[in-house]
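Enquirer: Read off the chains here:
Number of protein chains: 4
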Amino acid sequence: MISKISFKNDYSEGAHPKILELLIQSNLQQEAGYGEDNLSTNAKKFIKCHIENTEAEVHFVAGGTQANLLVIGHLLKPYESVIAADTGHIEVHETGAIENTGHKINVIRNDEGKITVKGIESILKIHTDNHMVKPAMVYLSQSTELGSIYSKTELTEISNFCRTKNLKLFIDGARLAMALTSTHNDVSLSDLARLTDVFYIGATKNGGLLGEAIVFNNPKLADGFSYYLKQKGALMAKGRLLGAQFYALFEDQLFFELGKHANIMATKLAYALKERGYKFAINPVSNQIFPILPIEKTEELLKKYEFYIWEQLEYNQAIVRLVTSWATKESEIDQFISDLD
Amino acid sequence: MISKISFKNDYSEGAHPKILELLIQSNLQQEAGYGEDNLSTNAKKFIKCHIENTEAEVHFVAGGTQANLLVIGHLLKPYESVIAADTGHIEVHETGAIENTGHKINVIRNDEGKITVKGIESILKIHTDNHMVKPAMVYLSQSTELGSIYSKTELTEISNFCRTKNLKLFIDGARLAMALTSTHNDVSLSDLARLTDVFYIGATKNGGLLGEAIVFNNPKLADGFSYYLKQKGALMAKGRLLGAQFYALFEDQLFFELGKHANIMATKLAYALKERGYKFAINPVSNQIFPILPIEKTEELLKKYEFYIWEQLEYNQAIVRLVTSWATKESEIDQFISDLD
Amino acid sequence: MISKISFKNDYSEGAHPKILELLIQSNLQQEAGYGEDNLSTNAKKFIKCHIENTEAEVHFVAGGTQANLLVIGHLLKPYESVIAADTGHIEVHETGAIENTGHKINVIRNDEGKITVKGIESILKIHTDNHMVKPAMVYLSQSTELGSIYSKTELTEISNFCRTKNLKLFIDGARLAMALTSTHNDVSLSDLARLTDVFYIGATKNGGLLGEAIVFNNPKLADGFSYYLKQKGALMAKGRLLGAQFYALFEDQLFFELGKHANIMATKLAYALKERGYKFAINPVSNQIFPILPIEKTEELLKKYEFYIWEQLEYNQAIVRLVTSWATKESEIDQFISDLD
Amino acid sequence: MISKISFKNDYSEGAHPKILELLIQSNLQQEAGYGEDNLSTNAKKFIKCHIENTEAEVHFVAGGTQANLLVIGHLLKPYESVIAADTGHIEVHETGAIENTGHKINVIRNDEGKITVKGIESILKIHTDNHMVKPAMVYLSQSTELGSIYSKTELTEISNFCRTKNLKLFIDGARLAMALTSTHNDVSLSDLARLTDVFYIGATKNGGLLGEAIVFNNPKLADGFSYYLKQKGALMAKGRLLGAQFYALFEDQLFFELGKHANIMATKLAYALKERGYKFAINPVSNQIFPILPIEKTEELLKKYEFYIWEQLEYNQAIVRLVTSWATKESEIDQFISDLD
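Chains as they are written, first to last, in this note's numbering: chain S, 13 to 353; chain V, 13 to 353; chain L, 13 to 353; chain P, 13 to 353.
Keep in mind the hints are simulated off the structure, nothing from the lab. Being a predicted model, the structure only gives us computed values, none of them experimental. One or more hints might be untrue.
Same chains, same label: a pair holds when it works inside one copy or across any pair of copies.
Dumping the calculated DSS-like pairs for lysine-lysine here, alpha-carbon to alpha-carbon at most 30 Å [as the list claims (entries may be wrong)]:
(1) Lys57 / Lys146
(2) Lys137 / Lys316
(3) Lys316 / Lys20
(4) Lys57 / Lys316
Work out the full structure, taking the sequences as your base and the hints as a guide.
Expert: If you want it as structure tokens, here you go:
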């Protein structure tokens, strides 16, 4: 138990009560294992309905690193590589999980956490023969690791380019709910599905106990994936546990409501910081915000709150990261704001 | 939802209510991620207390295949192999998970699901130079995939031999609860810990929603393991979910009570089958039993119950596998028995 | 330098003089690297001519284990397995090279070193779901590790079966020369090419300094293989070295002449042993023969000759392995025969 | 056969005649396989004598990518990474060979192809927990991929730092001969051995047909390496072929003489270019030089010579790479120089 209020991340709390209720209700029913249970079966239907693609193939796994290594390891041949931002989760925070599946990541410089067609092109240009890996996939996160989001125009450009160049487009949606419900967003869930080859929808950071739903928009790309899931230790015996998360989130609009709540809490915080004249390292548009604060103020706040100092700056300033979640209470935000003065 | 009563496996139901209660109670408390939460911390203490080794290092993971590939991949060098029974879970039912980490399994013929020093020796004898893999670990399951259990004498012999030959001994305890609470058992949990280098304790098949607790009796063997966990996608963000399983099971004796219940249900079934003159392919001592039934009787039972036909035999006979669980109701056993006549 | 005459293997001597001459002749000519040199280019043409398939794609690598791991790692998806005899080189003598590429070997019992459709079928029958690997390739050696050879009928049966079941057929031809020139052989090089998806032609054991020529009969299967070669460290900078081996062997009939010589030497040895009443563990048809000798006689011979004791038998007998090569002198055979008396 | 004179690389010609002579002399002698032959045994002794460390363990392999992946894959645990320059061969030109062994490369910006303690420190500083790989090795090339060389002071600083931080230091010596014989060099072969944990000595680019000699200065680091060699397909059956290269190069001073020749040829070229007022992208000190030429002049030269355009620059200029070798004739240099005017 944490004694201070935490803005460290969006997975500090348990699960939305509806999920726990589903688990309790169905608890003693005997169900088929390995994702063949009723909750999983229905949850997959709900998701395919939300993305408007009944042909899609959906698989539930426990976490984001697992989802990333499974998708990338499954779709690439040994000598193929994946292109990602230097801030990409697979590059920075997965202990070499992708390399452990045998694949190189071709890194491009991020712009507020995002990549562009120009960056992708620069990688293709220098990878021309069999002494270098063969780029075959583009990975990006929506929202990004820096809280920014891609616009529909940006995603469409990247998607079109990838199709021209025979690159698969894979979107890490660990925080997809917050991207889709940002007031700055113009991309729908079905747009996103249409523009990518494969993506996943995060529950862990949006009110689930665990779980990411991997969506292959083209089911042919999922050929044999159920074998790979098992081989990598990712096939859960009691698949109902994963099914319950996505059943609850996608039976109706809960997934979007929870993401929206996290965003509203962050927006309130951002507004209060701006009002007090604080600048941001990255324009705040979702539930991760990066204000620049004096170190003195930071240290004072750290006595009552938990959050990360992202980067030390000159002149006794620091970029800090504040993250809100589906469970953040408005009273906590208000308290933090009052402590700013 | 399954309409028939299932004796297919021991993971058809959800979790023991105490686990769900723990999740509900702690649900909105903010906790540190990645296994640093209070439930996990305490659950590890409970386990170390039960095995009487406060020096041990414990890690929680989601499932059995994951536990197996993590331990084996972590402890072996690339060219080292693991010795296992031809019926071993890693050999038969993990989609090549061990080979996917780069390691060969040296297979020895099982005797009622078990291996012996003689079998291990036969592998060592033929692996003599660098044109062959270097056997470096012995893997066995307690209880075995055929429901049998190793006696203290058998385990001690294997353990002593492994120490002499510098082989690590790793026990797959997916069904450890049923082994430890079998009326045929003479091995305590602390015996088992003392005799092995590393083992794991299964919750998935004994009343948990998920979870296996990997125990390194010698903490030096766990050096760097937390990195490997993350790299393989096995480090859960909301570690509290795993912590809750083992907290509930090991705070007191629940783990043993649940295993015992599964065994009592199986014993009742076995007794009734014996009374009716049926033979067993393997002597029934835990919650998996393998009676030999006429195919006609089998087909009749399959109309009302789910279970696996293990092997077709001559003379219209078949070995079937019946599995009971922590949640099997005595009324279901009684009904099945009455349907035998 | 070995002081005794060795019948231990067929790679104890250097290379046929024609190969060394080619190296000397072309030595100071500047050539393109990585297999784009003239010798390699022409050698590939010669081979495609010999197999009567100008569409084939040929790659030269240094050795047999390398060829095996490259072909299998290239053609299989992570969860796919290869079926092989329990005596197969990949199973027994490659230090887990195949498993190190992530793939399981499904082993079937050999019959004089060979496998049959029935054996392959027995593996397919039990691999039915995603909890087990997916068999996708059949591996066999021609000649086998026990010196036997497949007849055209046997190979055709296996080939047809593989095509029906969508299994790739891969033949390890480390000792292909001796198979093709055995007096018991009825398979031509072009038959073999036609019946397989991919195979390789060994030079190391047939008069080359090194080298195996991997032949993809269907060039589509070779897509990306040049990348994989480089990634696995198998792309030689001075490809001319490999080119020279196969240029010399396939410019005309040298490959066949050398294999024939090795067989003739072995046949003479086998005949002499039979004349003296010795039995064979395996019917001798190529350059590896396995007579059964009294241990006393064996020990006497080991004072003057090098060879392997393959297996100790009862009644003071032993199976020994005698191997002849392209460079074995008839005088050495005669001497050995005279020492039998 | 190349019709133009090539300055593309240092592996366009065959081998120094002494190597071919050794192969011919010993050709029909029967030798033990897999590196146990006389040539290999003696060549290893010669090398240990040259580095002044009789305790070292030496292994011969075919090529540089193979040497790199073997050493790195052998010495790192799965979650450990290797630090290298962004121009490092393992990062740029090995088709992801290192990642294929499962390891991430942590890239630092090069300074004329070299890395510094400051760069290594910057990587260590940000790798602080189990969500990131664990840097455990530093890789550098001597001479570098840009033809520059590390001074004794620079290497000593890096070596000392690595020892303090428990990082292994591994030097890629594909072009070690040219580094050691540069007129700018102050590092002896025994210095280099003393300052590293493991390094290799290239023959491929210095007059051998193939071959790199991997030297473990501390033999304990080589434990099990012979198994790994075999597993990765790198153990050559006719080890005599590799032995002959290093026997010829290290029986006396041939290795150094050949490197020196390549350097002298490059120096003559560089001097002539400087005389004509051309600048260099990198200060020329070994056998790879990078003059900046007008594109017009470059195109004219490309009609008669082969070399790489390294980078297009503004104002119709280009960096070109000219490489000389042990076999470059002075007449070719003279001709090129005369064509400069």
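Enquirer: Indicate, hint by hint, whether the structure satisfies it.
Expert: Right, here's what the structure says about each hint:
1. Lys57 / Lys146: between (36 Å within a copy, 28 Å between copies)
2. Lys137 / Lys316: between (50 Å within a copy, 27 Å between copies)
3. Lys316 / Lys20: within (13 Å within a copy, 52 Å between copies)
4. Lys57 / Lys316: between (44 Å within a copy, 29 Å between copies)
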